[in-house]
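**Student:** This is what each chain is made of:
Protein chains: 2
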Amino acid sequence: MAVIKTEVRAGAYYDSAFLMQLQRSLAGLPGIQDAGVVMGTESNKELLAHINLVSPELQAAKPDDLVIVVRGETEAAALEALGKVDELISQRKSSAPEREMRALSLETADQRFPGAAWTLISVAGRYAAGVARDALRRGKHVFLFSDNVPVEEEIELKKISSEKGLLVMGPDCGTAMIGGIGLGFANKIRKGPIGIVAAAGTGLQHVASRIHQLGSGITYGIGTGGRDLSEKVGATTFRQGIDILSRDPETKVIVLVSKPPAPKVAEEVLQMAKRAGKPVVVSMVSRPVNARRVGNLHFATTMDEAAELAVALVKGVSGKTEDLKLERFASGQRYLRGLFSGGTLAYEAQYILQNYLPKVWANAPLNKENKLPNSFVSQEHTIVDLGEDEFTVGRLHPMMDNELRIRRLMEEANDPSVAVIMLDVVIGFGSHPDPASELAPAIAKAKETAAKAGRYLEVVAVVTGTDEDPQDLNKQIELLKGAGAWVSTSNEEMVSYAGRLLEALNSAEQAGVPAFTPADLSVLQKPLAAINLGLESFAANLEAQEAPVVHVEWRPPAGGNEKLISILEKMKAK
Amino acid sequence: MAVIKTEVRAGAYYDSAFLMQLQRSLAGLPGIQDAGVVMGTESNKELLAHINLVSPELQAAKPDDLVIVVRGETEAAALEALGKVDELISQRKSSAPEREMRALSLETADQRFPGAAWTLISVAGRYAAGVARDALRRGKHVFLFSDNVPVEEEIELKKISSEKGLLVMGPDCGTAMIGGIGLGFANKIRKGPIGIVAAAGTGLQHVASRIHQLGSGITYGIGTGGRDLSEKVGATTFRQGIDILSRDPETKVIVLVSKPPAPKVAEEVLQMAKRAGKPVVVSMVSRPVNARRVGNLHFATTMDEAAELAVALVKGVSGKTEDLKLERFASGQRYLRGLFSGGTLAYEAQYILQNYLPKVWANAPLNKENKLPNSFVSQEHTIVDLGEDEFTVGRLHPMMDNELRIRRLMEEANDPSVAVIMLDVVIGFGSHPDPASELAPAIAKAKETAAKAGRYLEVVAVVTGTDEDPQDLNKQIELLKGAGAWVSTSNEEMVSYAGRLLEALNSAEQAGVPAFTPADLSVLQKPLAAINLGLESFAANLEAQEAPVVHVEWRPPAGGNEKLISILEKMKAK
Numbered sequence: 030m031a032v033i034k035t036e037v038r039a040g041a042y043y044d045s046a047f048l049m050q051l052q053r054s055l056a057g058l059p060g061i062q063d064a065g066v067v068m069g070t071e072s073n074k075e076l077l078a079h080i081n082l083v084s085p086e087l088q089a090a091k092p093d094d095l096v097i098v099v100r101g102e103t104e105a106a107a108l109e110a111l112g113k114v115d116e117l118i119s120q121r122k123s124s125a126p127e128r129e130m131r132a133l134s135l136e137t138a139d140q141r142f143p144g145a146a147w148t149l150i151s152v153a154g155r156y157a158a159g160v161a162r163d164a165l166r167r168g169k170h171v172f173l174f175s176d177n178v179p180v181e182e183e184i185e186l187k188k189i190s191s192e193k194g195l196l197v198m199g200p201d202c203g204t205a206m207i208g209g210i211g212l213g214f215a216n217k218i219r220k221g222p223i224g225i226v227a228a229a230g231t232g233l234q235h236v237a238s239r240i241h242q243l244g245s246g247i248t249y250g251i252g253t254g255g256r257d258l259s260e261k262v263g264a265t266t267f268r269q270g271i272d273i274l275s276r277d278p279e280t281k282v283i284v285l286v287s288k289p290p291a292p293k294v295a296e297e298v299l300q301m302a303k304r305a306g307k308p309v310v311v312s313m314v315s316r317p318v319n320a321r322r323v324g325n326l327h328f329a330t331t332m333d334e335a336a337e338l339a340v341a342l343v344k345g346v347s348g349k350t351e352d353l354k355l356e357r358f359a360s361g362q363r364y365l366r367g368l369f370s371g372g373t374l375a376y377e378a379q380y381i382l383q384n385y386l387p388k389v390w391a392n393a394p395l396n397k398e399n400k401l402p403n404s405f406v407s408q409e410h411t412i413v414d415l416g417e418d419e420f421t422v423g424r425l426h427p428m429m430d431n432e433l434r435i436r437r438l439m440e441e442a443n444d445p446s447v448a449v450i451m452l453d454v455v456i457g458f459g460s461h462p463d464p465a466s467e468l469a470p471a472i473a474k475a476k477e478t479a480a481k482a483g484r485y486l487e488v489v490a491v492v493t494g495t496d497e498d499p500q501d502l503n504k505q506i507e508l509l510k511g512a513g514a515w516v517s518t519s520n521e522e523m524v525s526y527a528g529r530l531l532e533a534l535n536s537a538e539q540a541g542v543p544a545f546t547p548a549d550l551s552v553l554q555k556p557l558a559a560i561n562l563g564l565e566s567f568a569a570n571l572e573a574q575e576a577p578v579v580h581v582e583w584r585p586p587a588g589g590n591e592k593l594i595s596i597l598e599k600m601k602a603k
Numbered sequence: 030m031a032v033i034k035t036e037v038r039a040g041a042y043y044d045s046a047f048l049m050q051l052q053r054s055l056a057g058l059p060g061i062q063d064a065g066v067v068m069g070t071e072s073n074k075e076l077l078a079h080i081n082l083v084s085p086e087l088q089a090a091k092p093d094d095l096v097i098v099v100r101g102e103t104e105a106a107a108l109e110a111l112g113k114v115d116e117l118i119s120q121r122k123s124s125a126p127e128r129e130m131r132a133l134s135l136e137t138a139d140q141r142f143p144g145a146a147w148t149l150i151s152v153a154g155r156y157a158a159g160v161a162r163d164a165l166r167r168g169k170h171v172f173l174f175s176d177n178v179p180v181e182e183e184i185e186l187k188k189i190s191s192e193k194g195l196l197v198m199g200p201d202c203g204t205a206m207i208g209g210i211g212l213g214f215a216n217k218i219r220k221g222p223i224g225i226v227a228a229a230g231t232g233l234q235h236v237a238s239r240i241h242q243l244g245s246g247i248t249y250g251i252g253t254g255g256r257d258l259s260e261k262v263g264a265t266t267f268r269q270g271i272d273i274l275s276r277d278p279e280t281k282v283i284v285l286v287s288k289p290p291a292p293k294v295a296e297e298v299l300q301m302a303k304r305a306g307k308p309v310v311v312s313m314v315s316r317p318v319n320a321r322r323v324g325n326l327h328f329a330t331t332m333d334e335a336a337e338l339a340v341a342l343v344k345g346v347s348g349k350t351e352d353l354k355l356e357r358f359a360s361g362q363r364y365l366r367g368l369f370s371g372g373t374l375a376y377e378a379q380y381i382l383q384n385y386l387p388k389v390w391a392n393a394p395l396n397k398e399n400k401l402p403n404s405f406v407s408q409e410h411t412i413v414d415l416g417e418d419e420f421t422v423g424r425l426h427p428m429m430d431n432e433l434r435i436r437r438l439m440e441e442a443n444d445p446s447v448a449v450i451m452l453d454v455v456i457g458f459g460s461h462p463d464p465a466s467e468l469a470p471a472i473a474k475a476k477e478t479a480a481k482a483g484r485y486l487e488v489v490a491v492v493t494g495t496d497e498d499p500q501d502l503n504k505q506i507e508l509l510k511g512a513g514a515w516v517s518t519s520n521e522e523m524v525s526y527a528g529r530l531l532e533a534l535n536s537a538e539q540a541g542v543p544a545f546t547p548a549d550l551s552v553l554q555k556p557l558a559a560i561n562l563g564l565e566s567f568a569a570n571l572e573a574q575e576a577p578v579v580h581v582e583w584r585p586p587a588g589g590n591e592k593l594i595s596i597l598e599k600m601k602a603k
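Sequence lines, in order, name chains A and B. Residue 30 is where the first sequence starts when you use this note's numbering, and the numbers rise one by one after that. Residue 30 is where the second sequence starts when you use this note's numbering, and the numbers rise one by one after that.
Keep in mind the hints are simulated off the structure, nothing from the lab. Note that the structure is predicted; figures quoted are calculated from it, not measured. Please note that the accuracy of each hint is not assured.
[Claimed, not checked] Subject to a maximum C-alpha distance of 30 angstroms in a straight line, what follows is the list of computed DSSO-like cross-link-like pairs (lysine-lysine):
(1) A/K397 <-> B/K74
(2) A/K400 <-> B/K288
(3) B/K261 <-> A/K288
(4) A/K74 <-> A/K193
(5) A/K354 <-> A/K504
(6) B/K293 <-> A/K504
(7) A/K288 <-> B/K288
(8) A/K74 <-> B/K400
(9) B/K592 <-> A/K288
(10) B/K400 <-> A/K261
(11) B/K388 <-> A/K400
[Stated by the list, open to error] Just so you have them, the derived chain B footprint on chain A, three or more residues with Cβ under 8 angstroms:
(12) 141-150
(13) 186-199
(14) 226-233
(15) 434-447
(16) 473-484
(17) 565-572
A virtual CB, placed ideally from N, CA and C, is assigned to each residue, including glycine.
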């Protein structure tokens, strides 16, 4: 019958790579059925219980204890295995690769290798914030792999780093790619024109890998840790990442990857992304997509789609920024008035405008809070569907009769707060035989009225129909254009153009300075050099990528005594 | 000073085209500033008030009254204009185009033109249901343009029509296209391989026009009226439309267009669309998009995108249906077990699976209702992120250490209810040096275990990484495939494949007979011939398209007396 034996070593600290290696060595010994080597945390006890490695000693162990449990076929086999633990530990030490660059503390590492701009930290969570603070004090960017770091510590670290123009990627940041070098878990991705900011580790790896598979490559992969997009942390690192990629001349397209952020934070991040000056692909997994495109933002439903979009966008990037000619408008002109004959077109317009304007009133609104109190009187941004029953009972539909719409057009044109009037012109059998012949003179007159009052009125129109319709699509378009209207056959294109225009007119004052010190791009552009604390394999990975690294043989300060650690911290801060 | 004069003609019925013509004629008379000719409804009174045409007589008018209001520069001019009303009415009558095919009732029209399979109805709303019932009795499809038809009438009409295998498109259906002929408001669209069902009039026109503009064309454009997708009406016509397009051999791609339906109805309609046997593009304007593709369903964020997608899909249609080889699975095998190392990949998998499975349990769920009670024990469909803290405190991450995942894989393989096991394999620096060398034998063993028990176990895997990673993407893929796994480098592709498989395994019993008599395709395929009641222009449009039509000089039965109408109705029903 199988026998379980347990050894507990109090207060011993080993990293998790070591624990795994020891566990495997023990499990491979003759007569041993299974082995567990863990720190004595509650969840580890559960894990071992699940594979039937339970003992009273394990149950009594504390989180700081190293616990070794073996199940032998006989008591002798189990005891023999435990007897080999010291030997296995020393074997492992001697088999560790020799490296020239080793140090016993961050301080000595920094002295010996002052060129290292980066610090990789993967020590146990309760020690990680202290080490990170130390690295920031030394002016280093931090890649913080450790998890189980309290959120208050994260907030404090990011306050320090953002003031100093430094990045804290993490905590719980699985991956990052800087200057072609992968940190933590990272794939070998070719250099290319796409920059990624990600609050999702395997998300970043997956999108970057797909970009590589599709033949393109990346400039930076900036990880932030998942909690960065919580309301408490407020996307500090995420916003720094967008800022860096906006300024980096090699980055032509930006990709944002995350689980859905806190709604307020998502809004802030997207507002910032709108001002990035380059195309931004947004992949906030499980956040419903309301538009494929909003200005420079392109929305993806999956990470795979995000990679495809980014690669496609690189090919199309013109480098030109759209000139909305805002200077044509008088101050005070800021509102939209949409006068539709087609209900679905009016509805879709409201739907698309959600991405640009905080509120659009309508007689047939998307949500009842947006219901226009009086359909005959516009207010702020308004879209009126003149085909609704209230306008058509006993009268002709506005697709047949332009009269009501032309009256309303003139009213709106006289309103000094109106900047854009939006129309649809639906032709075909059943519709007015030549709507543009009536609408075009009205548009010209409306624009003239505004011009006489010192304003500029933009009239945008979508024409729905075909070249085979009795009214002839192209003739209708030419007439409307001749009157000075901006015309498209795509409702999406027209509404999006108007949305960008109105958003710009309404948010001229919004663009402020970022609430952080911009990171120094020249430091990020230098070949990556780093100090590593925690998992040795992370140092080995950097060496494999030919990035210079010093590995610190880190041990918890003051033997892990928390009171002493706190005193040491306070002394350093002075 | 301007003077307003009003004339009220009690109980007179005229269609709205007539009202507009009379109004314009009056407004064009010398000395007349403005004129209004409307039926005396409340909203018409409001409309006239808004353009300053108010009078006590107008206020006192009833909905059945014809009200003529003029504002003259002088009282004489106003009175003179009113004096010309009879003359204008008679002028208009004599200028109406002569047509051979005219009748005074639906009955005589049907007798003279029995080949007409269609009836177009645009009479005033309160009479429309009666006329439609009459047309259905005569075995005709109905295009019901009239609005203000009570919902109870719509439900009753559609009950009759769906039992008879007839369509009632509407009420409030603005457009339809049958056999290349447009009904109501309709564009001239070339014939082509795309069929449309739309609960949105200008939506149908816009999508069809865009398809034409993009060089393709349509088979049918089936309008349903917006209320068809309400819970009360239950999408009767919409479902008939999908059924027709599914069976029509000329239709290669189906497009569905609507405002967002009642959630329950949307679900039913999409379930039916999944069984259409051809690609279906879904454009439910403002319904958030959670996937670009779900099986044969392709989701668009705008109508313009829907048209683009449909045209692109036509080119790619292979005509082949995917063979999921369901017969390999034993009865009772129906559940998914996803064992992930990458948190974001696990999260996205749940997100994508929402489109295929009613509920997926997870230790890191999308919504807390889906929280797996015990992370160590799977139930029904389950996705476990083994990289969550509960599994990793003091242990190596599953991207570095496959042990825990392999144990779990074996547990799941032994569960006779499991059909699919899903894995991610994330390679790169930091990850296990050769994960497939450990996972592949485990997968082979798991499949063997199931096979020995008379089951088939599908193991699907996504590999994230590149050909330049130390583990080599292609080598990892080959190893996994060698063990019998289904492998992709796209998470979306893998999860969607598994989703289709699991949906099919779980819904074999779902597919039932539609709750309606299928429409006779051969009738729909015949050249369109119709009887028109209501707006004369609709008959003229059909003539312009060279479709034979009889126009009925329709007048309200029993002089509009509702009591008498109701008695007549009852007599007919016998």
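**Student:** All hints are to be evaluated individually against the structure, with a verdict given for each.
**Tutor:** Against the structure, the hints come out as follows:
With a C-alpha separation of about 25 angstroms, the suggested pair A/K397 and B/K74 falls inside the 30 angstroms cut-off, and the hint holds. A threshold of 30 angstroms between alpha carbons decides the hint, and for A/K400 with B/K288 the separation of about 17 angstroms falls inside it, so the pair holds. The suggested pairing of B/K261 with A/K288 is violated, with an alpha-carbon distance near 37 angstroms, which exceeds 30 angstroms. Taking the CA atoms of A/K74 and A/K193, the gap is about 42 angstroms. The hint is violated against a cut of 30 angstroms.
The suggested pairing of A/K354 with A/K504 holds, with an alpha-carbon distance near 27 angstroms, which does not exceed 30 angstroms. Of the supplied pair hints, the one linking B/K293 and A/K504 is violated, its CA atoms being roughly 44 angstroms apart against a limit of 30 angstroms. The straight-line distance between the Cα atoms of A/K288 and B/K288 is roughly 28 angstroms, inside the 30 angstroms bound, and the hint therefore holds. Taking the CA atoms of A/K74 and B/K400, the gap is about 22 angstroms. The hint holds against a cut of 30 angstroms.
Taking the CA atoms of B/K592 and A/K288, the gap is near 63 angstroms; set against the 30 angstroms cutoff, the hint is violated. Our distance criterion of 30 angstroms between C-alpha atoms is met by B/K400 and A/K261, whose separation comes to about 24 angstroms. Proposed proximity of B/K388 and A/K400 is contradicted: the alpha carbons are some 36 angstroms apart, above 30 angstroms. Note: the region 141-150 of chain A has 0 residues with beta-carbon separation from chain B under 8 angstroms; the three-residue rule is not met and the coverage is violated.
Residues of the region 186-199 of chain A with a Cβ under 8 angstroms from some Cβ of chain B number 0, which does not satisfy the need for three, so the listed coverage is violated. Only residues whose beta carbon comes within less than 8 angstroms of a beta carbon in chain B count, and the region 226-233 of chain A has 4; three or more means the coverage holds. For the region 434-447 of chain A, the proposed coverage by chain B is not satisfied: 1 residues have a C-beta within less than 8 angstroms of a C-beta in that chain, short of the threshold of three. Restraint check on the region 473-484 of chain A versus chain B: 0 residues with Cβ-Cβ distances below 8 angstroms, three needed, restraint violated.
With 3 residues bearing a CB less than 8 angstroms from a CB of chain B, the region 565-572 of chain A meets the requirement of three and the coverage assertion stands.
Comparing the model with each numbered hint stated earlier shows that hints 3, 4, 6, 9, 11, 12, 13, 15 and 16 do not hold.
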